[in-house]
Amino acid sequence: MAALTLETLDIINPDLYVQRGYPHEEWALLRKEAPVFRYQRPGVEPFWAITKHADIVTVSRQPELFRSSQLLFISQEEPGSPLPDEAILRQLLNMNPPEHGAYRQVVNRRFTPRAVQQLKNQIETITTEVLDDLVGREECDFVTEVSAKLPLAVIAEMFGIPRADWAMMFRLSNAMIGPADPEYGGSETITENLERARLEFFQYFNQLCEDRRKSPRDDLASALANGSVNGEPLPPFELLSYFALLIIAGNETTRNATTGGLHALISHPDQWERLKRDPSLVSKAVEEIVRWTSPVIQFTRIATADTVLHGQQLRQGDVLALFYPSAGRDEEVFEHSAAFDLGRYPNPHIAFGIGEHYCLGANLARLELRAMFRQLAQRMESVELAGPAQRMRSSFVGGIKHMPIRYRIRA
Amino acid sequence: MRVEVDHNLCEGNGRCVEVASRVFELRDDDRSYVLIQNPPQALRAEIQLAAKLCPRQAIRLIED
Ligand code: HEM
Ligand code: SF4
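The listed protein sequences derive, respectively, from chains B and Z. For the first sequence, counting from 1, position 162 maps to 430 in the working numbering; every step adds exactly one. For the second sequence, counting from 1, position 43 maps to 136 in the working numbering; every step adds exactly one.
Hints listed in this document are in silico derivations from the structure and should not be mistaken for laboratory results. There may be inaccurate statements among the hints.
Each computed DMTMM-like pair below joins lysine to aspartate or glutamate, with the alpha-carbon atoms no more than 25 angstroms apart [said to hold, decoys possible]:
hint: 1; chain 1: B; residue 1: Lys544; chain 2: Z; residue 2: Glu111
hint: 2; chain 1: B; residue 1: Lys552; chain 2: B; residue 2: Glu541
hint: 3; chain 1: B; residue 1: Lys552; chain 2: Z; residue 2: Asp123
For each label pair, taking beta carbons as the anchor points, the in silico distance ranges come out as [claimed, not checked]:
hint: 4; chain 1: Z; residue 1: Arg115; chain 2: B; residue 2: Leu272; range: 43 to 49 angstroms
hint: 5; chain 1: B; residue 1: Asp538; chain 2: Z; residue 2: Asp157; range: 43 to 49 angstroms
hint: 6; chain 1: Z; residue 1: Asp157; chain 2: B; residue 2: His604; range: 33 to 39 angstroms
Where is the CB? At the ideal position from N, CA and C, for every residue including glycine.
With the hints as constraints, model all of the structure from the sequences given.
Rendered as structure tokens:
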């Protein structure tokens, strides 16, 4: 392969993410030589690539100067027309202060450590059930049979969605988050896929909300259906967008952390043995897995004024993309940043973001991942790849789409 | 050195407790409380880390 240069490196083309995985060499070069880098390539709107931990913190902590917008992430032009404005969800990720805080308050209390801790037993039970399904066999696709199941089941449980509907939710959320991937999207254009999925989604949750207004329960759906912002109920579109956000945001991200975590453990047998010997390591292990896999590749911000960042002059209206996986490998923050070390402490990764938009579901994701990796360490007697892992075609949420494994598991 | 948590900003996500459990505690109102108002120097590094990682910038370190 030709030597890497700033002029030619590519960190956006989704096909490269399929072929080679995360572009860690490219990010390392950017961190070293151009931490705030003007990225200009055909087919991509020019933007600033932010790759250092400290700069991502600086930007994320100034939500007035660096606003979130409908442009959630940078992508390459693909066949199919862009989304019409009215089809874009109105949700936390593209809101700004003061509206953003008011909306976040509607459900924040259901996502604090204390609140999610109450779900611990349900999460452990769902995890056990998922792993029980593997008993009696020797091979499976770890993604579809294990990692994909837990996050969806947990958020569905939190909403109060009946089990019979879980499979449908899975299909719709895949269609909505991974439309650039032909397997998830079908053969039509991105726009058609999204619109069809969105319609089905909205119909379902409209019904659910009507039900919870008539007979409220102690679930997340009731909190949203009966919630208010500045004294008013949530408008219909914002309400439905909220449901979509909570399903989408926690689904593929946690799934990819789970798959990527097991993948890392398989390729680092010493760390796998370490976790099996000492399951009390699991909290630290999960932080390291989240740092290592960093399932969200980027979110964007837009500068609202001319400003200087790490020596570069930015102009009002400029777009910035924050590359979280790069921050997780920042040599100035992490010792041996390229080493996968389950005992790493402290581990100040920002794979869940930081500041105004800090991941609402971080405590939930942690709880799910701890349950999963504790039980895996206790029950999986052996595990290895039974074929190559297939990566996702996305430069937004990244990870592994299919991962065949051969294993022995305790009943 | 003194430590304060601004309860108007804190949203109880517990980042501070994760990195400095000797100094911060989450209570039933989902707010973080400071356990040692005047912590010893030995705790400085973890308090600084907590202040840095607090997503809401709710932690203040006041030097005497
Ligand atoms: C390992 C799993 C996860 C990762 C890596 C992750 C990552 C992130 C990141 C980086 C952000 C910040 C966005 C920004 O600054 O613009 C974010 C926001 C968010 N995440 Fe997560 N997330 C995960 C799991 C979850 C789960 C389980 C939920 C549950 C519902 C969730 C819900 C959200 C929501 C609602 C936001 C928007 C918060 C806001 O804008 O105020 N996430 N996440
Ligand atoms: S990290 Fe900040 S916002 Fe979170 S609980 Fe601690 S003080 Fe509150």
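Now for the hints, and whether the structure bears them out:
1. Lys544/B - Glu111/Z: 23 angstroms, holds
2. Lys552/B - Glu541/B: Judged against 25 angstroms, a Cα distance of about 15 angstroms means the pair holds.
3. Lys552/B - Asp123/Z: The hint holds at about 23 angstroms.
4. Arg115/Z - Leu272/B: 43 to 49 angstroms: 45 angstroms, holds
5. Asp538/B - Asp157/Z: 43 to 49 angstroms: 46 angstroms, holds
6. Asp157/Z - His604/B: 33 to 39 angstroms: Given range 33 to 39 angstroms: holds, Cβ gap about 37 angstroms.
In this structure, none of the earlier numbered hints is contradicted; all agree with it.
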